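Residue-level listing of the chains:
There are 2 protein chains.
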Amino acid sequence: MAYQLAQRMTGAQGSIIRDLLKMASEPGMISFGGGAPDPAAYPADLIAEITARAFRDRSTTLLAYGISEGYPPLVASLKDYLGQREGFDFSRNELLITSGGQQGGDLMAKLFINEGDVVAVESPSFVGVLNAFRSYGARLMGVPLEEDGVNLDALEALFKAERVRIFYLISTFQNPSGVTTSKEKREAIYELACRYDVMIFEDNPYGELRFTGEDIPAVKSFDREGRCVYTGSFSKTLSPGMRVGFLVYDKALHQHFKIAKQAADVHSSTLYQLVCHELLARHDYPGHIQGLITRYREKARLMTTAMEKHFHPGVTWHAPQGGFFIMAWLPPGCDSLPFVQEAIRRQVITVPGSAFMADTSAPHNGIRLNYSLPPADKIEAGIRTLGQLSHEWLGSARAV
Amino acid sequence: MAYQLAQRMTGAQGSIIRDLLKMASEPGMISFGGGAPDPAAYPADLIAEITARAFRDRSTTLLAYGISEGYPPLVASLKDYLGQREGFDFSRNELLITSGGQQGGDLMAKLFINEGDVVAVESPSFVGVLNAFRSYGARLMGVPLEEDGVNLDALEALFKAERVRIFYLISTFQNPSGVTTSKEKREAIYELACRYDVMIFEDNPYGELRFTGEDIPAVKSFDREGRCVYTGSFSKTLSPGMRVGFLVYDKALHQHFKIAKQAADVHSSTLYQLVCHELLARHDYPGHIQGLITRYREKARLMTTAMEKHFHPGVTWHAPQGGFFIMAWLPPGCDSLPFVQEAIRRQVITVPGSAFMADTSAPHNGIRLNYSLPPADKIEAGIRTLGQLSHEWLGSARAV
Numbered sequence: 000m001a002y003q004l005a006q007r008m009t010g011a012q013g014s015i016i017r018d019l020l021k022m023a024s025e026p027g028m029i030s031f032g033g034g035a036p037d038p039a040a041y042p043a044d045l046i047a048e049i050t051a052r053a054f055r056d057r058s059t060t061l062l063a064y065g066i067s068e069g070y071p072p073l074v075a076s077l078k079d080y081l082g083q084r085e086g087f088d089f090s091r092n093e094l095l096i097t098s099g100g101q102q103g104g105d106l107m108a109k110l111f112i113n114e115g116d117v118v119a120v121e122s123p124s125f126v127g128v129l130n131a132f133r134s135y136g137a138r139l140m141g142v143p144l145e146e147d148g149v150n151l152d153a154l155e156a157l158f159k160a161e162r163v164r165i166f167y168l169i170s171t172f173q174n175p176s177g178v179t180t181s182k183e184k185r186e187a188i189y190e191l192a193c194r195y196d197v198m199i200f201e202d203n204p205y206g207e208l209r210f211t212g213e214d215i216p217a218v219k220s221f222d223r224e225g226r227c228v229y230t231g232s233f234s235k236t237l238s239p240g241m242r243v244g245f246l247v248y249d250k251a252l253h254q255h256f257k258i259a260k261q262a263a264d265v266h267s268s269t270l271y272q273l274v275c276h277e278l279l280a281r282h283d284y285p286g287h288i289q290g291l292i293t294r295y296r297e298k299a300r301l302m303t304t305a306m307e308k309h310f311h312p313g314v315t316w317h318a319p320q321g322g323f324f325i326m327a328w329l330p331p332g333c334d335s336l337p338f339v340q341e342a343i344r345r346q347v348i349t350v351p352g353s354a355f356m357a358d359t360s361a362p363h364n365g366i367r368l369n370y371s372l373p374p375a376d377k378i379e380a381g382i383r384t385l386g387q388l389s390h391e392w393l394g395s396a397r398a399v
Numbered sequence: 000m001a002y003q004l005a006q007r008m009t010g011a012q013g014s015i016i017r018d019l020l021k022m023a024s025e026p027g028m029i030s031f032g033g034g035a036p037d038p039a040a041y042p043a044d045l046i047a048e049i050t051a052r053a054f055r056d057r058s059t060t061l062l063a064y065g066i067s068e069g070y071p072p073l074v075a076s077l078k079d080y081l082g083q084r085e086g087f088d089f090s091r092n093e094l095l096i097t098s099g100g101q102q103g104g105d106l107m108a109k110l111f112i113n114e115g116d117v118v119a120v121e122s123p124s125f126v127g128v129l130n131a132f133r134s135y136g137a138r139l140m141g142v143p144l145e146e147d148g149v150n151l152d153a154l155e156a157l158f159k160a161e162r163v164r165i166f167y168l169i170s171t172f173q174n175p176s177g178v179t180t181s182k183e184k185r186e187a188i189y190e191l192a193c194r195y196d197v198m199i200f201e202d203n204p205y206g207e208l209r210f211t212g213e214d215i216p217a218v219k220s221f222d223r224e225g226r227c228v229y230t231g232s233f234s235k236t237l238s239p240g241m242r243v244g245f246l247v248y249d250k251a252l253h254q255h256f257k258i259a260k261q262a263a264d265v266h267s268s269t270l271y272q273l274v275c276h277e278l279l280a281r282h283d284y285p286g287h288i289q290g291l292i293t294r295y296r297e298k299a300r301l302m303t304t305a306m307e308k309h310f311h312p313g314v315t316w317h318a319p320q321g322g323f324f325i326m327a328w329l330p331p332g333c334d335s336l337p338f339v340q341e342a343i344r345r346q347v348i349t350v351p352g353s354a355f356m357a358d359t360s361a362p363h364n365g366i367r368l369n370y371s372l373p374p375a376d377k378i379e380a381g382i383r384t385l386g387q388l389s390h391e392w393l394g395s396a397r398a399v
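Chains as they are written, first to last, in numbering that gives the first Met the number 0: chain A, 0 to 399; chain B, 0 to 399.
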């Protein structure tokens with residue numbers, strides 16, 4: 000038969016990154032293309048031990064239907080953790096467990112986006128959540144990201160020109176740029192959102208992984224009007240394969256999010272919710288996070304040191320203060336896509352900046368480099384290949 | 000702030016059944032309200048053993064990001080199983096793992112339903128998938144269900160009167176009615192779908208659990224035009240808490256379903272996919288199913304025996320040939336909702352038929368009784384209470 004897709008799905012796209020990841024498993028490939036934690040950092044033994052004990056003590060709880068809003072002990076321990084760490088006020092807010100951070104984007108779009116509604120996004124931004132919004136028919140409009148967050152004039156101009164429903168931001172160690180929005184810009188963004196009646200969807204999967212500098216309060220922590228929905232995840236700090244994330248929002252939204260979650264997948268699997276709860280409440284979770292910070296700080300240092308050594312001086316970047324990514328910038332006007340394609344032929348995978356744009360067909364001079372996943376001994380070799388290519392590219396073929 | 004929900008969510012409803020389930024855990028309650036397997040039937044020790052071995056042998060596979068379409072060994076073993084059991088042709092079809100059967104409904108609606116599109120549903124039908132369709136703005140239209148499937152004249156009249164996009168049917172041991180659509184009606188439904196260019200969404204979570212009678216081929220097995228999307232689940236046969244289901248559809252749809260799945264939750268957790276694979280491919284899965292059949296046949300017998308003994312003769316039902324449910328019918332014109340409410344005051348939970356209708360506000364004389372979950376020794380006691388109520392209700396207050 001001739002299939003007729005729903006209008007909303009005509010804008011949704013496959014993830015170029017997930018296609019690249021499949022290539023990354025080919026022998027000889029060095030991949031800076033992923034966005035995953037270092038497998039050596041999974042607390043696998045602890046997870047296995049907690050799992051075995053849970054099957055011994057409460058297998059029926061694990062195997063029966065669970066509660067849509069989440070495994071109650073995890074909901075409680077996460078509220079404690081986020082109350083302390085982020086200063087969230089759970090007398091006014093509620094929390095719901097999601098099947099990974101991605102589902103946070105899906106439920107947000109399901110609840111608030113009518114087809115054709117405008118969602119403002121950082122430009123560049125995380126392609127997974129952009130696709131969740133696209134899959135509900137959102138019109139994405141990009142706002143240029145600067146070193147300390149989006150350009151406020153451009154944000155306000157967009158809020159003035161269009162009825163923007165949601166502004167999506169990754170406030171700390173942004174994917175793909177590595178940028179952290181400053182305290183001043185967070186406050187200014189919030190005031191603009193109030194003035195133009197826009198909801199804020201704040202995504203913060205990397206915030207705990209800070210190597211240097213001071214934590215900056217989440218927008219959600221000073222959300223006096225309940226217009227910010229916050230999403231986080233254990234995918235970067237414990238394991239992405241567990242698929243455990245969460246949403247925090249004003250209590251008035253709880254019934255709506257519960258209904259959306261029920262309709263989407265009833266509830267998230269209980270076992271890994273229990274694992275996250277045990278790790279948060281009964282183990283040295285801050286110590287685990289500190290171990291991750293040490294690990295990723297070192298990997299980031301390896302990468303930036305190699306970049307300084309090998310890259311053509313026309314390539315620029317900011318040293319990361321945390322998270323998983325560095326964005327390397329070819330000179331203005333260069334399109335990074337052919338550069339990335341040639342690098343893949345030389346067995347080094349990266350992702351072109353254009354993949355992270357509201358309009359993925361426009362050229363972009365950024366290249367996302369991931370340092371969390373590749374083994375330390377591959378970082379130098381991969382950067383050397385990219386550096387050599389940058390010299391060929393910018394030395395002789397400047398006009399590309 | 001004043002929240003403005005997306006139009007699509009104004010029709011979505013909380014599940015009355017999930018609210019009832021919360022009540023079911025109160026002391027003294029006997030619940031025939033759920034739709035879950037008997038916890039004693041979970042192969043908990045085997046699942047614990049497979050899990051422990053998987054953490055020992057391949058913890059990185061479990062904890063890293065997985066593939067959106069599913070854990071490849073499970074995809075392969077499920078194709079084998081469904082090819083043999085259901086006769087599906089995987090040279091023309093593909094399979095995708097979902098986070099429970101519920102997500103099958105969510106992805107189907109996401110891909111094919113524009114807001115306002117008509118979805119024809121059996122009347123009554125499974126409220127979970129109805130809510131998934133509602134959450135994408137579908138207009139649900141019910142087609143009366145008879146003892147052997149929907150009324151074909153009513154189905155064709157609806158296909159003629161409206162541009163129906165999808166017909167949703169639970170072909171075997173339907174939830175909530177227990178009805179199995181006959182072979183003749185399956186063929187007639189398929190021909191009507193071809194003639195009026197309607198897709199069929201065939202949901203079959205109970206089909207393996209047949210106590211008596213002969214298996215009837217799934218609509219998907221004779222789907223020559225690729226217009227049937229089939230969904231199944233391990234929730235009834237292994238464990239609902241694992242949240243593993245699957246979709247089978249024409250190869251031409253694979254890329255679309257993969258994109259929808261990526262946008263929804265990236266992938267389903269790998270561990271329980273591996274567990275399902277091991278149980279299917281390396282253990283006596285048919286023997287496990289046979290054990291379930293013996294168990295549920297006996298529970299169904301206990302319930303129908305008690306119903307014969309205690310119920311007022313004005314209450315009618317069909318003895319189930321499989322699955323989890325019996326629908327008891329009060330005399331025509333009675334509304335079961337006040338009956339169910341009074342039964343809950345007497346500590347027996349059931350679900351009124353109206354909960355399963357496209358229009359949940361209309362009265363309905365059915366009462367869904369679940370026999371899979373309650374302990375055997377509670378079945379007689381709970382039915383006795385309902386029977387006593389039926390005599391009070393129909394003996395003296397016939398006009399209710």
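Read the hints as simulated data drawn from the structure, not as lab findings. No experiment lies behind these values; they were computed from the predicted model shown. A few of these clues could be false.
[Unchecked claim] Facing chain B, a subset of chain A residues (Cβ under 7 Å, in silico): (1) 134; (2) 141; (3) 220; (4) 221; (5) 258; (6) 268; (7) 388.
No residue lacks a Cβ here, since even glycine has one placed at the ideal position from N, Cα and C.
Verification of the hints:
| no. | hint | in the structure |
| --- | --- | --- |
| 1 | 134 | holds (4 Å) |
| 2 | 141 | violated (19 Å) |
| 3 | 220 | violated (17 Å) |
| 4 | 221 | violated (14 Å) |
| 5 | 258 | holds (5 Å) |
| 6 | 268 | holds (5 Å) |
| 7 | 388 | violated (27 Å) |
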